[in-house]
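Novice: Modelling step: build the complete structure from the supplied sequences, incorporating the hints.
There are 2 protein chains.
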Amino acid sequence: MKSALHFLVAARQCEIAELEQLQRTSALVERLSQFIHALQKERGLSNVFLYNAGGHGDARHGDARQAQMAECDAIAEAVRESFFGMDTTAGHWGHGARLFSRIAYVLQELDALPALRARIDARDLSPEAATAAFIQLVAGLLAVVFEAADSAPDPGISRLLVAMFNFMQGKEFAGQERATGVAAFGAGISDAQRQQHWLHLIASQERCLQVFAEFSPPLPLALWREACAADATVAVIERLRRVGCTAAPGMPLDGDMAMPWFDSYTLRMDAMQAIEALLATELQQQCARRITEARAALQALQAEPSQAAMPQASGFLADGDGQAHSARLGPQLDRSVIELVQDQSQRLLAMQAELETVRAALGERKTVERAKGLLMARRQLGEGEAHKLLRQTAMNQNRRLIDVAEAVLAMADLLPPAG
Amino acid sequence: MKSALHFLVAARQCEIAELEQLQRTSALVERLSQFIHALQKERGLSNVFLYNAGGHGDARHGDARQAQMAECDAIAEAVRESFFGMDTTAGHWGHGARLFSRIAYVLQELDALPALRARIDARDLSPEAATAAFIQLVAGLLAVVFEAADSAPDPGISRLLVAMFNFMQGKEFAGQERATGVAAFGAGISDAQRQQHWLHLIASQERCLQVFAEFSPPLPLALWREACAADATVAVIERLRRVGCTAAPGMPLDGDMAMPWFDSYTLRMDAMQAIEALLATELQQQCARRITEARAALQALQAEPSQAAMPQASGFLADGDGQAHSARLGPQLDRSVIELVQDQSQRLLAMQAELETVRAALGERKTVERAKGLLMARRQLGEGEAHKLLRQTAMNQNRRLIDVAEAVLAMADLLPPAG
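Protein chains in written order, with the working numbering: chain A, 1070 to 1488; chain B, 1070 to 1488.
Read the hints as simulated data drawn from the structure, not as lab findings. Predicted, not measured: the structure shown is a model, and the values here were computed from it. Mixed in with the good hints there might be a few duds.
Here are the simulated distance ranges between beta carbons [to be verified]:
hint	chain 1	residue 1	chain 2	residue 2	range
1	A	Arg1358	B	Asp1190	47 to 53 Å
2	B	Asp1132	A	Arg1358	58 to 64 Å
3	B	Leu1288	A	Ala1261	56 to 62 Å
4	B	Glu1295	A	Leu1268	32 to 38 Å
5	A	Ala1479	B	Pro1318	40 to 46 Å
6	B	Gln1354	A	Ser1195	52 to 58 Å
7	B	Asn1467	A	Ala1479	55 to 61 Å
8	A	Arg1358	B	Gly1451	23 to 29 Å
Cβ coordinates follow ideal geometry from the N, Cα and C atoms, glycine included.
Specialist: As structure tokens, then:
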């Protein structure tokens, strides 16, 4: 029975290694959260700059943009350091192939940031193109967080990562809504397509925040509910949403609304960031707690007196219903290791069940990714083109992105194969 | 841009490490396939021995049983060697925690094999209890194979493992059917519950073999179809199936049918094993091929002349539709690395999409496992008890196991929480 115990110990050691990896990933996620927040602010200020916000508050926001770019650069430097501080030895990271590819993508986007800013400085780029460039960088960063959430082997930590990823994704939709509002008021005229996009951003945001609410620990959720409670900021945002989204297409929009919209929305974004920071702290603590627990369990396992015993029989003689009847087996039976093995398989199965339930919450994004991957493979499209095709189809048919993605997967056999 | 390339290289290295792990797992799976086959035969011969087969062929099959036990022991020794030859260093195996727990379970069951045989020798065990004990050991071995199939990171190899796992699972249902037939004819009387179980084994077997047919490469599938084509063996099995499954409960069954049933079915099992061996060879070859490919891709990546270049911009400036417009960016652009990053993300997404599609085929078993895990956690049951509860409910309600499992998961909120 020593042999079974050897593998129980090895299993626990692997579990600890996986938790330690998760702890490293969580530290990275925390830093990415800060970076995304800084980029979202820079994107907003760049939009204000490009739209010139009807001439209002230009200087103030121009200075703010300069300061924001400096802040972004400082955090970008820290993010780069985190990346390059990673031990990229094969085997050190469970999902290395996917994680590192995502990071390669981010680094490439990051290298292009100075060129993007130069073109914004020169007003050589439409606000839409500038916004899209920032969106692409943030999407790359969120994809890194998603990899972490999708590969976490512990249900409790996975719950927290699902809550955090959805909050971050919801916040990004909020950031895009801020930009869209600036664009709408900045343009000074109501536009049907922009209104539709605006409503889509509100709906996507709310769906993410619902998933967050389902998986969040109590404290961040309570704070979020408090932040959502009616106050002056919420009132301004809701009023301007109504104005912007209901004005008949072609009608003028008051350019003076751009700055109050931007400022109120920025307060909201900052409040969201405080909650994200809380989630990140909770994540770190939970990793540390689980590692301590797993180490204690390993020590208990290694201290088992039965490790030295050499039993000659075990408890697998079973009746017709598959139940172990170890009691029949006599005195040479090594009960404790049998129980350890049973406990372990029970624990793993229960953990796996919980983990799959939690991960199911990531299913919507995965379905969209699968549909995208399918289109890319079958129709030789790039990632951007595949996403655009899905989104365009959803808009044309007035259906949700997820529904179109599901339809694509269901119709997979009808799509022509590659080549 | 060197930085992005660094992570592309790291991603490829991780991919190679994962494929090498898969190659080791595949070698293990091949050995387990042989071991399961030997155990299935020993189970069948033990049943014949315990039922005494109406006095027919007892000596011949008794000798065969002794020889089979010796063969089992030899393969068991090789399996143990494979297990103990594994480098259990944390991080060396991607899903170590689960894989090693499964192995601990198998080793514990293996240690109990001598005691099981001693009780069979002494006819101190009902044929049902002996069968159940063998079923439990085989289930433990199949769970190791399932872990491998579920964690394979390459869609092509995953397909093959899904085909192989389902073939092995189907063959195990076939082995159980062989035992059930021996029991039915050996008992000499028709029994309603046994008939129901028999039909259930035929149906489960066919479902597994359908999944195999869907995922198998052409050659093993062609051989399997050939083996299924009407011949003398198939004719005997089908005729005895009909006799055994349609006899009115309480009516006598001809004990003389036990040996023809066993012998014909054993020919079928041996034919299945030949196909399994072919699948195992194909698996090894595909692993080797993919490793060679991945190494070549890594070399090509490392030989990229652009690795030395230090570009100042990249292709992430995008228009409103998220499409990269790198052409605008001027001469300092390092096209090749941008393309490499894009190719990699396209490849990963397509691979992931295919992988999820393939893994969906494992969903049925996973759903049952999830339901089992849920029952274990919420009602403080052991794995065997939870499985029994699901199976009993399915039988009582005349529904499939998978449907009951889905209902359990859907009703999760109604089950009392643990504690």
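Novice: Using the Cβ atoms, figure out if B:Leu1288 sits within 56 to 62 Å of A:Ala1261.
Specialist: holds, 58 Å
Novice: For the pair B:Asp1132 and A:Arg1358, does the Cβ-Cβ distance stay inside 58 to 64 Å?
Specialist: Cβ of B:Asp1132 to Cβ of A:Arg1358: about 60 Å, so the range 58 to 64 Å holds.
Novice: Given a hint of 23 to 29 Å, does the C-beta separation of A:Arg1358 and B:Gly1451 actually sit inside it?
Specialist: holds, 28 Å
Novice: Lying within 47 to 53 Å: is that true of the beta-carbon distance A:Arg1358 to B:Asp1190?
Specialist: holds, 52 Å
Novice: With respect to the beta-carbon atoms only, verify the hint that A:Ala1479 and B:Pro1318 lie 40 to 46 Å apart.
Specialist: holds, 44 Å
Novice: B:Asn1467 and A:Ala1479, beta-carbon distance inside 55 to 61 Å?
Specialist: Violated, since B:Asn1467 and A:Ala1479 (Cβ atoms, about 30 Å apart) do not stay within the stated range.
Novice: Could one say that the CB atoms of B:Gln1354 and A:Ser1195 fall in the range 52 to 58 Å?
Specialist: holds, 54 Å
Novice: A range of 32 to 38 Å was offered for this pair. Does it hold for the Cβ distance of B:Glu1295 and A:Leu1268?
Specialist: Taking Cβ atoms as reference, B:Glu1295 and A:Leu1268 lie about 60 Å apart, which means the hint is violated.
Violated hints, in rising order: 4, 7; the structure is consistent with all others.
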